[in-house]
Amino acid sequence: MKKLFFVLLLLISLTACHGQKETIAFAVPESFDENKTYELTFWAKNDTNKTQVDIYEKTIADFEELYPNIKINMRLYTDYGKIYNDVITNIQTGTTPNICITYPDHIATYLTGEDVVVPLEELVQDDDYGLGGELLKFDSVNEDEIIAAFLDECKINGTLYALPFMRSSEALYMNATYIESLGYEIPEVVSWDFIFEVCEKAMAKDADGNYLVNAQNILIPFIYKSTDNMMIQMLYQLDAPYAESNGNIEIFNDTTRELLLKLAEYVEKDLFSTFKISSYPANFLNAGQCLFAVDSTAGATWMGSDAPLIDISEDKLVEFETAVRPVPQFNEANIKMISQGPSLCIFNKEDPGEVLASWLFMQYLLTNDVQIAYAQTEGYVPVTLKAQESIEYQTYLEAEGEDDDLHYDIKIEASKLILENVDKTFVTPVFNGSASLRDAAGQLIENVTKSVRRKETVDEAYIDDLFADVSALYHLDQSGESTGLNRDLGPMPTESILLLTCLGLIWLLLIIISIKNSLNKAKDSR
Amino acid sequence: MKKLFVALMSLLMVLTVSACSSNQPEETPEVTETPEVTEPVEGEEPAELINPENVMTHEEYMAAEVDSLVTVEAYVQATQSWWDNTITVYAQDEDGAYFFYNLACSEEDAEKLVPGTKILVEGYKAEWSGEVEVMDGRFEFVDDGETYIAEAFDATELLGTEELESHQNEKVTFTGLTVAPSTDADGKEVAYLYNYDGSGSRESNSDLYFNVSYNGETYSFVIESYLCDNESDVYKTVEALNVGDVINCEGFLYWYEGVNPHITSVTVVE
Numbered sequence: 046m047k048k049l050f051f052v053l054l055l056l057i058s059l060t061a062c063h064g065q066k067e068t069i070a071f072a073v074p075e076s077f078d079e080n081k082t083y084e085l086t087f088w089a090k091n092d093t094n095k096t097q098v099d100i101y102e103k104t105i106a107d108f109e110e111l112y113p114n115i116k117i118n119m120r121l122y123t124d125y126g127k128i129y130n131d132v133i134t135n136i137q138t139g140t141t142p143n144i145c146i147t148y149p150d151h152i153a154t155y156l157t158g159e160d161v162v163v164p165l166e167e168l169v170q171d172d173d174y175g176l177g178g179e180l181l182k183f184d185s186v187n188e189d190e191i192i193a194a195f196l197d198e199c200k201i202n203g204t205l206y207a208l209p210f211m212r213s214s215e216a217l218y219m220n221a222t223y224i225e226s227l228g229y230e231i232p233e234v235v236s237w238d239f240i241f242e243v244c245e246k247a248m249a250k251d252a253d254g255n256y257l258v259n260a261q262n263i264l265i266p267f268i269y270k271s272t273d274n275m276m277i278q279m280l281y282q283l284d285a286p287y288a289e290s291n292g293n294i295e296i297f298n299d300t301t302r303e304l305l306l307k308l309a310e311y312v313e314k315d316l317f318s319t320f321k322i323s324s325y326p327a328n329f330l331n332a333g334q335c336l337f338a339v340d341s342t343a344g345a346t347w348m349g350s351d352a353p354l355i356d357i358s359e360d361k362l363v364e365f366e367t368a369v370r371p372v373p374q375f376n377e378a379n380i381k382m383i384s385q386g387p388s389l390c391i392f393n394k395e396d397p398g399e400v401l402a403s404w405l406f407m408q409y410l411l412t413n414d415v416q417i418a419y420a421q422t423e424g425y426v427p428v429t430l431k432a433q434e435s436i437e438y439q440t441y442l443e444a445e446g447e448d449d450d451l452h453y454d455i456k457i458e459a460s461k462l463i464l465e466n467v468d469k470t471f472v473t474p475v476f477n478g479s480a481s482l483r484d485a486a487g488q489l490i491e492n493v494t495k496s497v498r499r500k501e502t503v504d505e506a507y508i509d510d511l512f513a514d515v516s517a518l519y520h521l522d523q524s525g526e527s528t529g530l531n532r533d534l535g536p537m538p539t540e541s542i543l544l545l546t547c548l549g550l551i552w553l554l555l556i557i558i559s560i561k562n563s564l565n566k567a568k569d570s571r
Numbered sequence: 019m020k021k022l023f024v025a026l027m028s029l030l031m032v033l034t035v036s037a038c039s040s041n042q043p044e045e046t047p048e049v050t051e052t053p054e055v056t057e058p059v060e061g062e063e064p065a066e067l068i069n070p071e072n073v074m075t076h077e078e079y080m081a082a083e084v085d086s087l088v089t090v091e092a093y094v095q096a097t098q099s100w101w102d103n104t105i106t107v108y109a110q111d112e113d114g115a116y117f118f119y120n121l122a123c124s125e126e127d128a129e130k131l132v133p134g135t136k137i138l139v140e141g142y143k144a145e146w147s148g149e150v151e152v153m154d155g156r157f158e159f160v161d162d163g164e165t166y167i168a169e170a171f172d173a174t175e176l177l178g179t180e181e182l183e184s185h186q187n188e189k190v191t192f193t194g195l196t197v198a199p200s201t202d203a204d205g206k207e208v209a210y211l212y213n214y215d216g217s218g219s220r221e222s223n224s225d226l227y228f229n230v231s232y233n234g235e236t237y238s239f240v241i242e243s244y245l246c247d248n249e250s251d252v253y254k255t256v257e258a259l260n261v262g263d264v265i266n267c268e269g270f271l272y273w274y275e276g277v278n279p280h281i282t283s284v285t286v287v288e
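Keeping their order, the protein sequence lines are chains V and R. Under this note's numbering, the first residue of the first sequence is numbered 46, with each subsequent residue one higher. Under this note's numbering, the first residue of the second sequence is numbered 19, with each subsequent residue one higher.
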């Protein structure tokens with residue numbers, strides 16, 4: 046009875062800590078069961094672009110034909126943030142999708158749940174079902190055919206948690222007609238100084254209060270769509286601190302302060318605004334009310350008088366020549382631009398076969414047909430060399446400007462801008478909290494811009510308060526705490542030290558008792 | 019020895035239970051990083067009350083410069099869905115209408131923002147793609163027993179006129195409109211689209227866009243899904259529309275690069 050009591054106590058002790066794990070770590074099954082039906086959910090993001098949706102639908106149909114036992118249900122999103130929030134909600138309820146368009150920043154937060162996101166190394170390397178695997182029913186890519194820089198972006202603390210799906214960056218779209226009319230020639234690489242110099246010159250008005258450059262009474266010379274990217278790129282271009290890979294937040298520094306104070310001067314002169322404050326840069330650019338617009342290369346189809354997608358009425362549209370360049374730089378000889386674009390991750394499930402089925406579909410999204418078709422919808426580039434170097438894609442690039450639809454010149458120029466500058470792109474460190482830090486980076490610019498427009502004083506004291514407010518609002522003092530990755534956990538709690546000591550003593554006692562019993566038995570047998 | 023063993027085992031159990039039931043924050047995964055609107059917490063100064071003496075008339079509000087601080091009183095006519103401690107409110111009084119974009123609001127208060135409720139709002143006047151609104155605002159309930167539900171203004175004859183913009187954000191009706199075709203990405207003519215180009219879906223609760231024609235001009239109307247979601251009657255009614263149907267509509271006169279009403283009710287009359 047006593048022995049039973051001890052065994053029970055020991056079992057309770059040893060199992061008590063293991064009740065919180067809900068899903069077991071994924072292990073690649075030896076084979077894929079094609080007789081079992083799998084119904085998978087794919088959360089897909091599109092840029093409010095029906096062609097992209099059609100490509101997803103065709104991809105699913107083609108895949109289901111190859112694997113009739115896998116059914117893919119797609120849920121459409123047009124906003125990365127919405128996917129992020131929905132995934133977080135569904136992690137709590139255990140109803141995550143199988144495959145999901147994502148950003149590594151978001152995965153870092155998903156990883157706060159144990160075994161939620163499937164690490165991909167084993168799957169990638171699997172001889173049968175891995176990249177280029179022997180048993181795949183489609184022409185998969187090999188690992189070395191994925192652009193290494195893009196693949197590296199999908200690693201978190203050295204572990205691969207995603208595959209890149211598409212890559213984009215930001216571009217500077219300009220009304221070349223107006224800029225040249227002001228007496229400027231647009232350089233190959235545009236500096237921040239150049240932009241604000243031209244902007245100041247563009248503010249001249251006639252006696253009726255209309256701007257000379259556009260003969261209208263509205264002009265916002267420079268509009269930036271994504272102010273988080275703006276701040277991040279400025280800091281990187283100046284080699285200023287932003288964040289460390291261990292989650293240490295460094296953005297609240299003197300360079301940031303100087304940049305914000307300088308920006309306040311430009312806002313004061315009405316030279317600059319943002320998407321959140323004024324609206325889409327493309328709408329102002331196409332109406333002749335903006336000279337410099339920075340937006341994603343994946344927004345290129347909206348830029349220019351002949352853009353295939355236009356959101357303003359015909360009577361507001363003006364004719365002008367559009368120029369595309371890399372985002373403004375501080376050092377024209379050392380271009381730095383952000384790498385962005387959707388990646389793919391898969392979520393862990395109880396049935397490893399279901400995860401393998403998800404992996405097969407995820408991998409299928411990297412095949413040439415999908416990569417080339419999707420990249421052509423916007424200023425994206427395929428993430429595989431196999432697609433980039435294909436005759437089909439090269440022919441597409443060469444046909445730049447042949448029409449204002451598939452071969453719209455601004456869109457293809459935007460794609461080429463990435464292809465030619467891949468080595469100049471960068472990504473920010475990924476950790477639990479890095480998504481919030483991105484938001485905070487943009488919030489700094491938004492707040493300064495709003496405050497100046499609202500006639501508030503923006504000075505050193507203002508920036509002090511701003512840093513404190515934004516840090517608190519985005520919980521940046523807590524970031525990285527729950528990721529469990531690369532984190533200094535501090536001293537071990539007293540209870541844990543006692544527990545471990547106790548366990549050690551118990552084992553020691555068990556060994557002593559066991560040895561003692563053996564010795565007694567040996568003695569008795571004599 | 020056995021006594022020592024039992025004592026150690028008992029201690030082990032106590033420690034195990036205590037270690038595993040610890041409430042240390044790092045044990046609980048932080049699953050959301052969405053910033054929250056700061057609410058007064060213990061030891062923190064509560065937000066200053068909005069000064070009712072600063073309340074502007076609708077005329078004064080319309081005359082105020084963009085980016086200036088404005089204070090207005092109005093009655094809730096409808097709200098979009100509460101999200102992330104903010105709510106977007108369509109409001110009106112007898113003199114005109116307001117669009118309060120993303121007012122700071124707790125979930126508890128959001129439930130009290132029923133049509134007719136009087137609120138005092140302070141925020142910054144803004145203009146976004148032609149839509150005049152109050153942004154970065156906060157509000158207080160005005161508990162004086164007054165309520166007001168606006169009667170919809172018939173704006174049909176103002177379609178295509180400059181005067182229409184002066185009724186921006188008001189509750190309006192349009193009568194005798196004909197459903198005009200929208201063209202989907204495949205070039206097919208349809209009565210409505212999920213998202214402006216058909217890239218959305220019912221399952222994703224996408225906005226519904228449909229065209230209407232009146233006096234030879236075509237206008238884009240929208241079912242804003244945060245106002246009327248895919249379970250609402252109006253959403254389902256629009257999904258059942260056919261090109262050529264004659265309809266009456268009610269909604270709020272929202273603006274996006276031109277008139278773009280947020281429709282809350284559609285009745286097929288022919």
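The set of hints was computed from the structure by calculation and includes no laboratory data. Every residue gets a Cβ at the ideal spot worked out from N, C-alpha and C, and that includes glycine. Be careful, since some hints might not be right.
Stated by the list, open to error - Output of the computed footprint for chain R on chain V, the stretches with three or more beta carbons under 8 angstroms from beta carbons of chain R:
| hint | segment |
| --- | --- |
| 1 | 116-122 |
| 2 | 247-256 |
| 3 | 276-288 |
| 4 | 445-451 |
Stated by the list, open to error - Restricting the straight-line Cα-Cα distance to at most 30 angstroms, the calculated cross-link-like pairs of lysine-lysine (BS3-like) are:
| hint | chain 1 | residue 1 | chain 2 | residue 2 |
| --- | --- | --- | --- | --- |
| 5 | V | Lys-116 | V | Lys-81 |
| 6 | R | Lys-206 | V | Lys-495 |
| 7 | V | Lys-116 | R | Lys-206 |
Cross-check of the supplied hints:
no.: 1; hint: 116-122; verdict: holds (count 3)
no.: 2; hint: 247-256; verdict: violated (count 0)
no.: 3; hint: 276-288; verdict: violated (count 0)
no.: 4; hint: 445-451; verdict: violated (count 0)
no.: 5; hint: Lys-116/V x Lys-81/V; verdict: holds, 11 angstroms
no.: 6; hint: Lys-206/R x Lys-495/V; verdict: violated, 44 angstroms
no.: 7; hint: Lys-116/V x Lys-206/R; verdict: holds, 28 angstroms
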